[in-house]
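Peer 1: If you want the building blocks of each chain, they are given just below.
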Amino acid sequence: MTVVLNEASRARLLASLEEAYPNEGGGFLVGTRQGEQVVIEDVLPIPNVFEEAEQFHRYAMTPQNWATMEDKADSMGLALVGYYHSHPDSPAIPSEYDRVHALPHFVYLIASVVQARAVSLFAYELVDDRSTFKELPLVSAS
Amino acid sequence: MASIKIPTPLRAYTDNQAEVAVNGATVGQALQHLIAQYADLETHLFQDGKLRSFVNVYLGDEDIRFLSGLDTVIGEDAKLRIIPTIAGGNDTPRLDAHALKFGNGATIVLLLLAFVLNAPLLVAFVALTQLLGGLNLPFAPYRLAYQAALRAQLLRPKVVVDNAEPHRFAMLVGAGFNGVGAGLLLAGAEAGWLPVAVVVVLANLNFWLNFCLGCWMYYQLNRLGVPFFRVSPVQEQS
Chain A
14 MTVVLNEASR ARLLASLEEA YPNEGGGFLV GTRQGEQVVI EDVLPIPNVF
64 EEAEQFHRYA MTPQNWATME DKADSMGLAL VGYYHSHPDS PAIPSEYDRV
114 HALPHFVYLI ASVVQARAVS LFAYELVDDR STFKELPLVS AS
Chain B
628 MASIKIPTPL RAYTDNQAEV AVNGATVGQA LQHLIAQYAD LETHLFQDGK
678 LRSFVNVYLG DEDIRFLSGL DTVIGEDAKL RIIPTIAGGN DTPRLDAHAL
728 KFGNGATIVL LLLAFVLNAP LLVAFVALTQ LLGGLNLPFA PYRLAYQAAL
778 RAQLLRPKVV VDNAEPHRFA MLVGAGFNGV GAGLLLAGAE AGWLPVAVVV
828 VLANLNFWLN FCLGCWMYYQ LNRLGVPFFR VSPVQEQS
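Note that the protein sequences, when read in sequence, are chains A and B.
Residue numbers for the first sequence follow this note's numbering, so the first one is 14 and each next one is one higher.
Residue numbers for the second sequence follow this note's numbering, so the first one is 628 and each next one is one higher.
The hints are simulated quantities; they were obtained by calculation from the structure and are not laboratory data.
It is possible that part of the hints are untrue.
[Unchecked claim] Capping the alpha-carbon separation at 20 Å, the derived lysine to aspartate or glutamate pairs in DMTMM-like fashion look like this:
| hint | chain 1 | residue 1 | chain 2 | residue 2 |
| --- | --- | --- | --- | --- |
| 1 | B | Lys-677 | B | Asp-698 |
| 2 | B | Lys-677 | A | Asp-142 |
| 3 | B | Lys-785 | A | Glu-109 |
| 4 | B | Lys-706 | A | Asp-87 |
| 5 | B | Lys-706 | B | Asp-688 |
| 6 | B | Lys-785 | B | Asp-718 |
| 7 | B | Lys-632 | B | Glu-689 |
| 8 | B | Lys-706 | B | Asp-690 |
| 9 | B | Lys-632 | B | Glu-703 |
| 10 | B | Lys-632 | B | Asp-698 |
| 11 | B | Lys-706 | B | Glu-646 |
| 12 | B | Lys-785 | A | Asp-102 |
| 13 | B | Lys-632 | B | Glu-669 |
| 14 | B | Lys-632 | B | Asp-688 |
| 15 | A | Lys-85 | A | Glu-54 |
| 16 | A | Lys-147 | B | Asp-718 |
| 17 | B | Lys-632 | A | Asp-84 |
| 18 | B | Lys-677 | B | Asp-690 |
| 19 | B | Lys-728 | A | Asp-102 |
| 20 | A | Lys-85 | B | Asp-688 |
| 21 | A | Lys-147 | A | Glu-109 |
| 22 | B | Lys-632 | B | Asp-704 |
| 23 | B | Lys-677 | B | Asp-667 |
| 24 | B | Lys-728 | B | Asp-789 |
| 25 | B | Lys-728 | B | Glu-792 |
| 26 | B | Lys-632 | B | Asp-667 |
| 27 | B | Lys-632 | B | Glu-646 |
| 28 | A | Lys-147 | A | Glu-49 |
| 29 | B | Lys-632 | B | Asp-642 |
| 30 | B | Lys-785 | A | Glu-148 |
| 31 | B | Lys-706 | A | Asp-84 |
| 32 | B | Lys-632 | B | Asp-690 |
| 33 | A | Lys-85 | A | Asp-55 |
| 34 | B | Lys-632 | A | Asp-87 |
| 35 | B | Lys-677 | B | Glu-689 |
| 36 | A | Lys-85 | B | Glu-646 |
[Said to hold, decoys possible] Here are the simulated distance ranges between beta carbons:
| hint | chain 1 | residue 1 | chain 2 | residue 2 | range |
| --- | --- | --- | --- | --- | --- |
| 37 | A | Val-140 | B | Gly-702 | 36 to 42 Å |
| 38 | A | Lys-147 | B | Leu-740 | 40 to 46 Å |
| 39 | A | Phe-69 | B | Leu-851 | 26 to 32 Å |
| 40 | B | Asp-675 | A | Glu-65 | 28 to 34 Å |
All residues carry an ideal CB built from backbone N, CA and C; glycine is no exception.
Using the sequences plus the hints, can you model the full thing?
Peer 2: In structure tokens form, the structure reads like this:
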């Protein structure tokens, strides 16, 4: 499985995470999933609704965010293909908390934001038996 | 017949169907009928017989947790919907081992260069760099240089489970030795190269053998309950 992210979406995604620093930020990835390729057409930043004091290491959306965006994507012939969030001042690898709260067949983009600057971005997907994430190739598109 | 709307990622287990027709008098029975049709869904929806904490089931606009949970009675044409709560976070103490290697390597090269060039000011620069790094300041030169190398894709992070604090303490110890060395050298005392040599040896031990003497000292002080040395080795944390 390869994840394709266009430059404009990548820039917007990273900017939203840098803006959220020192807290975690995040949002949805909308696009298409066909065969061995996920193409991200758009990124939709969503406010972090986790308890404010914990936002430095926690991110959450509301179920209503999901329902609204899923309906919208479905009506546009697209799909919610994944979500992204940041790990401020921490590496861009999934945590145990991420794994426990994850679904398979869904792309997780995680960015490391160090001192308000995004320094890395990696793509992952939970394996079917929920035991771990596997890293996916993340490629750029113009 | 009642129906359950499936969240996009889980449609991989329902032959890509967005909605599945189900039988049952309660939400729990409807979900069991769903799982009877698509068994692979179970592990993603339930844990130990209970809905996973991030899995919400809605009856119309109502979260069943605010009704009667899985015992909520449903009508024949009920519209149920499974909606995940997206959440993420970062807990485990982790660090980038390549960032540490980068710092150790730079320290070794710069100190050897200082010795060859007889440049005490370069020793002072390394001491200052280690001090800023040890204090975890954003403008620490090693950090800036390493981040530039990451952005240029010359290096990739190697994340390991470890505490950062002992490594920062080790940098402060190195800064202390180099600071004393630089002071002596700037005062004209050749003996200043001795503490510098100690740092070079320890940095090499760390670079080549992953042995961090400063970290070992940190954990000994932690074991003795010395204030400020509050982090215990990772495997001892609960």
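Peer 1: If a hint holds in the structure, say so; if it does not, say that too.
Peer 2: Taking the hints in turn, this is what the structure says about them:
1. B/Lys-677 to B/Asp-698: holds (12 Å)
2. B/Lys-677 to A/Asp-142: Holds. B/Lys-677 to A/Asp-142 sits at ~18 Å (cutoff 20 Å).
3. B/Lys-785 to A/Glu-109: Distance ~18 Å between B/Lys-785 and A/Glu-109 Cα, so the pair holds.
4. B/Lys-706 to A/Asp-87: At roughly 17 Å apart (the allowed maximum being 20 Å), A/Asp-87 and B/Lys-706 satisfy the hint.
5. B/Lys-706 to B/Asp-688: With a Cα-Cα distance of about 10 Å, the restraint between B/Lys-706 and B/Asp-688 holds, given a limit of 20 Å.
6. B/Lys-785 to B/Asp-718: holds (17 Å)
7. B/Lys-632 to B/Glu-689: holds (14 Å)
8. B/Lys-706 to B/Asp-690: Judged against 20 Å, a Cα distance of about 12 Å means the pair holds.
9. B/Lys-632 to B/Glu-703: Between B/Lys-632 and B/Glu-703 the Cα gap is close to 15 Å, so the pair holds against 20 Å.
10. B/Lys-632 to B/Asp-698: Judged against 20 Å, a Cα distance of about 19 Å means the pair holds.
11. B/Lys-706 to B/Glu-646: Status holds; Cα separation ~10 Å.
12. B/Lys-785 to A/Asp-102: Distance ~15 Å between B/Lys-785 and A/Asp-102 Cα, so the pair holds.
13. B/Lys-632 to B/Glu-669: holds (15 Å)
14. B/Lys-632 to B/Asp-688: holds (13 Å)
15. A/Lys-85 to A/Glu-54: Satisfied, since the Cα-Cα distance of roughly 14 Å is no more than 20 Å.
16. A/Lys-147 to B/Asp-718: Holds, at about 19 Å.
17. B/Lys-632 to A/Asp-84: Answer holds: B/Lys-632 to A/Asp-84 is near 11 Å, not above 20 Å.
18. B/Lys-677 to B/Asp-690: holds (15 Å)
19. B/Lys-728 to A/Asp-102: OK: B/Lys-728 and A/Asp-102 at ~18 Å, within 20 Å.
20. A/Lys-85 to B/Asp-688: holds (17 Å)
21. A/Lys-147 to A/Glu-109: Distance ~13 Å between A/Lys-147 and A/Glu-109 Cα, so the pair holds.
22. B/Lys-632 to B/Asp-704: Cα-Cα ~13 Å, so holds.
23. B/Lys-677 to B/Asp-667: holds (16 Å)
24. B/Lys-728 to B/Asp-789: holds (14 Å)
25. B/Lys-728 to B/Glu-792: It holds: about 16 Å lies between the C-alpha atoms, which stays within 20 Å.
26. B/Lys-632 to B/Asp-667: Cα-Cα ~16 Å, so holds.
27. B/Lys-632 to B/Glu-646: holds (4 Å)
28. A/Lys-147 to A/Glu-49: holds (14 Å)
29. B/Lys-632 to B/Asp-642: Status holds; Cα separation ~13 Å.
30. B/Lys-785 to A/Glu-148: holds (14 Å)
31. B/Lys-706 to A/Asp-84: Holds: B/Lys-706 and A/Asp-84 sit about 15 Å apart, inside 20 Å.
32. B/Lys-632 to B/Asp-690: holds (14 Å)
33. A/Lys-85 to A/Asp-55: With a Cα-Cα distance of about 12 Å, the restraint between A/Lys-85 and A/Asp-55 holds, given a limit of 20 Å.
34. B/Lys-632 to A/Asp-87: Given that 20 Å is the threshold and the Cα spacing comes to 12 Å, the pair holds.
35. B/Lys-677 to B/Glu-689: holds (19 Å)
36. A/Lys-85 to B/Glu-646: Holds, because 16 Å separates the two Cα atoms, which is no more than 20 Å.
37. A/Val-140 to B/Gly-702: 36 to 42 Å: 38 Å Cβ-Cβ, so the 36 to 42 Å window holds.
38. A/Lys-147 to B/Leu-740: 40 to 46 Å: Distance hint for A/Lys-147, B/Leu-740 holds at roughly 42 Å.
39. A/Phe-69 to B/Leu-851: 26 to 32 Å: holds (30 Å)
40. B/Asp-675 to A/Glu-65: 28 to 34 Å: holds (31 Å)
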